[in-house]
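Required output: the full structure, derived from the provided sequences and hints.
These protein sequence lines map, in sequence, to chains A, B, C and D.
If you read the first sequence in our numbering, its first letter stands for residue 70, the second for the next number, and so on.
If you read the second sequence in our numbering, its first letter stands for residue 70, the second for the next number, and so on.
If you read the third sequence in our numbering, its first letter stands for residue 70, the second for the next number, and so on.
If you read the fourth sequence in our numbering, its first letter stands for residue 70, the second for the next number, and so on.
Misleading hints may appear alongside valid ones.
Which copy is meant is left open, because identical chains are indistinguishable; a pair holds if it fits in one copy or across any two.
Stated by the list, open to error - Pairs of lysine-lysine residues, derived as DSS-like cross-links and limited to a Cα-Cα distance of at most 27 Å, are as follows:
{"hint": "1", "residue 1": "K75", "residue 2": "K118"}
{"hint": "2", "residue 1": "K193", "residue 2": "K143"}
{"hint": "3", "residue 1": "K143", "residue 2": "K75"}
{"hint": "4", "residue 1": "K251", "residue 2": "K118"}
{"hint": "5", "residue 1": "K293", "residue 2": "K443"}
{"hint": "6", "residue 1": "K443", "residue 2": "K312"}
{"hint": "7", "residue 1": "K293", "residue 2": "K312"}
No wet-lab data here; the hints were simulated from the structure.
Here the structure is a predicted model, which is why all the values come from computation and not from measurement.
Number of protein chains: 4
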Amino acid sequence: MAESRKLRMGLTGGGPGAFIGPVHRIAAELDGRIELVAGAFSSSPERSKQAAASYRIDPARAYGSYTEMFAAEKEREDGIDFVVIATPNNTHLPIARAAIEAGIPVMSDKPATATYDEALELEKIVVAAGLPYGLTHTYAGYALVRDARAICASGELGNIRKVVIEYLQGWLSAPIEQTGQKQAGWRVDPALSGPGGCIGDIGTHAFHLVEYVTGLDITALQAKLRSVVPGRRVDDDCTALFKLNNSAEGVIVASQIAAGEGNGVRLRIYGENASIHWEQENPNILRIRRSSGPDETRHAGAAYLSGAARAVTRLPGGHPEGYLEAFAVLYREFADALEAWRADRAETLPDTLPGIRAGVRGMRFIERAIESNKTGQWVDF
Amino acid sequence: MAESRKLRMGLTGGGPGAFIGPVHRIAAELDGRIELVAGAFSSSPERSKQAAASYRIDPARAYGSYTEMFAAEKEREDGIDFVVIATPNNTHLPIARAAIEAGIPVMSDKPATATYDEALELEKIVVAAGLPYGLTHTYAGYALVRDARAICASGELGNIRKVVIEYLQGWLSAPIEQTGQKQAGWRVDPALSGPGGCIGDIGTHAFHLVEYVTGLDITALQAKLRSVVPGRRVDDDCTALFKLNNSAEGVIVASQIAAGEGNGVRLRIYGENASIHWEQENPNILRIRRSSGPDETRHAGAAYLSGAARAVTRLPGGHPEGYLEAFAVLYREFADALEAWRADRAETLPDTLPGIRAGVRGMRFIERAIESNKTGQWVDF
Amino acid sequence: MAESRKLRMGLTGGGPGAFIGPVHRIAAELDGRIELVAGAFSSSPERSKQAAASYRIDPARAYGSYTEMFAAEKEREDGIDFVVIATPNNTHLPIARAAIEAGIPVMSDKPATATYDEALELEKIVVAAGLPYGLTHTYAGYALVRDARAICASGELGNIRKVVIEYLQGWLSAPIEQTGQKQAGWRVDPALSGPGGCIGDIGTHAFHLVEYVTGLDITALQAKLRSVVPGRRVDDDCTALFKLNNSAEGVIVASQIAAGEGNGVRLRIYGENASIHWEQENPNILRIRRSSGPDETRHAGAAYLSGAARAVTRLPGGHPEGYLEAFAVLYREFADALEAWRADRAETLPDTLPGIRAGVRGMRFIERAIESNKTGQWVDF
Amino acid sequence: MAESRKLRMGLTGGGPGAFIGPVHRIAAELDGRIELVAGAFSSSPERSKQAAASYRIDPARAYGSYTEMFAAEKEREDGIDFVVIATPNNTHLPIARAAIEAGIPVMSDKPATATYDEALELEKIVVAAGLPYGLTHTYAGYALVRDARAICASGELGNIRKVVIEYLQGWLSAPIEQTGQKQAGWRVDPALSGPGGCIGDIGTHAFHLVEYVTGLDITALQAKLRSVVPGRRVDDDCTALFKLNNSAEGVIVASQIAAGEGNGVRLRIYGENASIHWEQENPNILRIRRSSGPDETRHAGAAYLSGAARAVTRLPGGHPEGYLEAFAVLYREFADALEAWRADRAETLPDTLPGIRAGVRGMRFIERAIESNKTGQWVDF
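Written out as structure tokens, the structure reads:
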């Protein structure tokens, strides 16, 4: 399956001032399998060229639009092998559609689209085309999230009974969108981000982690969404009770007005016999607490971890890996899938890499949460 | 106000095998203001005598019932100054009523009674009698809970927006009530504990802490109660969304089937500018996290703490105080109130010590949570 | 062995403003086996009476000197059963000698005396008299220190290779002895505390913990002592390398000028296979880290702990015990010894309670450390 | 200063099975300024080719020796711009010398050489040549180590009084060098690693951090080195007391037989007013503890950090960076230096990047520690 050359990546978004663009570049290239070669970094051709220079790539491959990029790159012998979508949510569907129509596999920022209807449309396109489509639910790339998933699957916890997931941030505690903060700007504009604010931006990560790690499906939920900061047009604080398909229940606590919090993703899963505890801000340990017997703290890099965890670890124990390395795990798995697909044209996305199904479920989650919030009732999923 | 002799305490409950009885004895005596002198430790006179011996008190003052104790102690010149109720919930009202009718002040385990109606009745009795009635919401006695309360009152956090309180235990993960475990036995028997299981036993503590620390009132809630362990007759897992009277909202996560948890009371309060974080299992630190500026960790015993915290600290920084010391704070404040009342017969319970109002609100909380769970709707408080 | 009455305690020291006096009172009485009844709380009879009032004991039993107390109490039928020494180090020997001559067992603050020679003298007296003599190395009373000791004894760690013990405080970072701070005053006055400052006040605790927990003896050491704060007459910062009698080695890092530290006793013991880690400021957990396999965190109150730990635990898991409870463990064990001795006049101090041997070794440690510091050489022990 | 192309890197070492080779590759390329293009990955040409394939670079640029590489690359227009030395210590000097003679700047693994004499020789060569020479003391690349350094320089701590640095690993607790473990093999072979074992491999990191962060020089030390594991030919456990040139003192505790430890670099610096605390395994926080006032926890990515810290941070708060990112900081600064040198041929290594002076001091530290251990005396530095 291994190729002797690096896979060539095109990027949409990631122009000057962007946060997530450079992150995609680093993550994609980290394992030495991929190189950024082209981009529609900005709708301003000038700014796109500027970005190319900062990435130290050929300025001739800096485009002013994704359509231009797809057309030009198709003509090159060394054209891009896939495209990364790192633009606001409302552009995800059109860019993905155009790429797929051009036969270009896609790695996309989450959420998959701006609305649930768009997600259903995208699903049809992806399924019909049969080419690799990955979704960067970054937290799924941490070694100890993989370990937690393996532990859940092993049955070691006993039947899962309760899940508590938090995603707490404080950066939107003040109305910074009114001061021109770029990251905040599009996220709280429904025209760009879709109807969900906090629920879409980070609630979807929380939702995804629950299903990803437990291996269970959420079947119903009751959500309470608020816009706490005066003048904000989307929700910035959410709590949702939920039911899982094995009769377990849980709660998602997501907020962007939790003053003092950084990027507090914290997952706890309680089974009949034991529970697991993981926190993104200190991601290299996983705790297991048992009804009988001492707590256990598992360390990234250790030989006793599950194969799933060891497969995505680069460093020996005690050498912390972080957010970029987790992100890079998704790119590594996408590279595997892409090379396999290039070899035989059959899509074989590994089940560890979130894809279009996760994308559709995430958008459904947003839609259902908003509906439940409107009615004050439990809604089926 | 200081008296030269110790206050004399009678205890109901606390017989052989009991957990909370000895805890009351230690807590009451810790500050050298109170001494246990009598008790209706058990309904078996023999076991009551046995308990007296273990407490090293005069066996003549070990009674077989509280009525007997109240009658006999009233005849003694050195009779008890107050009574402690440490028996199952269904006995709280009758014992408290009998004590108050006998003119004996009361320090009671929580919850105040077995049902909300009983609580309303007890409130009338206590108010009419005008004698000290304290309720042992132990966690209110921790120095750093007092500090958190002072910080909330100071306005330092800005307007409070969000509260997350957890009370997670794992000890009822298996049906241990079926194996004769005494602590579990009465707690899951509605005839002894009242209609609430987890919601009454520990949910009330969580509810109390929210109102106690924030200084706000809960005005509405939506609760989901479950009996997870097969055959259990009361709830053992609860989640409740709630609204506060300043427009803040929050969530209570309480469980007794959270396998691996010990006694996980964790309180987080998010204001406009900053948040506070406290955990009962490591109670001597309080963290403040700010939107701008580093996190702050405040240590028990430090000179920079609020006066409210310093007032209830016995040891210099770095010398941990624990659960018994927190409990003893409530007894110290009850002793203050009792001595003041003995001096001038006017009740002057300090606002730091939970009393009958907290008792009634706690019982209302249980009743409202059960109602909300039945209907699946938000209920007003 | 159990008696039906409480043991009667006399206290020397503990007058107005003292820290450790009230701590002795609380610790001694905590388990309901002992009651404070008399004291030579201060050399000022007036202040001694004042203290008696604050302790709510009979003012007739507040004495102006220990000789007066011993004489008067011997005459009473309900005289003291033992005496507690909580005065500066230079008084330990004379008080202990007088008590023992009067047939009164002794519970003494550490270090045992002011000088090594005094300790040797005291040892002779205690051994000859054959009555209980306990030394309050408080940290030996923590349940998880007992657990650590049991684990070392079990061989589970493999042969012990390395010990790192810290005792870091910051309270003497400034010359507060010059501002009348009472606790600081006598501790940095060689006439009252003996030749050692930090090495005697807290270094001895560290030294004791090493031998107590590992079950090994220190056989040689090389110490570096400094007086960091200008004008200070005793050492306030010490580091000592040491050898143990099984060929393990280690280091003691003790300081009272470690700005920002509270009472940082931290013990780590490394064996062939695993290590144990304990910190006094969060005393209810003990970590075991293994060469192969996850870390283990053991919680106070858990059923899986060693019998030695469970024997000194009062509360269920998750209900923190602290410094006072650890202190009370020593008093409980002293009460056991005292009752046994009163029954048959043979001393049977349990090996869990530090006694005169620990006292002599502690004083030897101070003497050896000062000698090594002078010569810059390793010294045998 | 910015160039439009990436700098071309050659690597010595990093063949199949190596740990540090791929780490260098990732770290060097992470910021998009450098690309690996050539290597003498192994002395076996075949294995060198194999490595080239795994790095996905041109197999024609995989060499069997560094001399071959330097010669061949000099002939290419797109030849390497610098070489990385990632081979055992005994090869550091010959490779560096050959590179410098060929006019090729060097980025070298630490320690700089195998012996102190070699280090002095290398220093002469580097100084004479005037081209960039960097030393990968990785821990110096962490943002919060930079923050700690800035805080020390600011005087905020007051005069520094005491430093405690630990570097504790457990991976050499058993004689794994006898079982063919490659990483262990050369490290405990004096012919390959030099006379120091633990003291050279990790003690030098600890030593460097002390001087790097405090800005002070170590002027004397007393070291105790042991070979704990039977049959081991070099030290595997070391403790060293030291003096700094401002009259502060400290201790280095380094071990590779600290069973259960991973990569425990922990730094504490105590000043007159406050102390700083940093731990490599949780590198994104830095704690400041003060004599008066609460502890402070500073988070990577925060706006309140020193400029020095913010300059080397890639991600917003709450998104953990780790070991690879710290490593990459050194490469970024080396790239800056290299581009500047290429522009004007004057060496301008930033003072944040360890260079030949740090290399010489590190080798001197090893030599002095071994000497002190022999004599049991303090030695001047």
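Going through the hints against the structure:
1. Taking CA atoms no more than 27 Å apart as the test, K75 paired with K118 passes in both settings, with 23 Å inside one copy and 17 Å between copies.
2. Within a single copy, K193 and K143 get their C-alpha atoms as close as 24 Å, which meets the 27 Å cut-off; across copies the closest is 55 Å, which misses it.
3. Taking the shortest alpha-carbon separations for K143 and K75, both the intra-copy value of 17 Å and the inter-copy value of 25 Å come in at or below 27 Å.
4. Taking the shortest Cα distances, K251 and K118 sit within 27 Å of each other inside one copy (20 Å), while across copies they are farther apart (47 Å).
5. Taking the shortest alpha-carbon separations for K293 and K443, both the intra-copy value of 9 Å and the inter-copy value of 19 Å come in at or below 27 Å.
6. In this homomeric assembly, K443 and K312 come within 27 Å of each other (Cα to Cα) both inside a single copy, at 19 Å, and across copies, at 17 Å.
7. Within a single copy, K293 and K312 get their C-alpha atoms as close as 15 Å, and across copies as close as 11 Å, so both meet the 27 Å cut-off.
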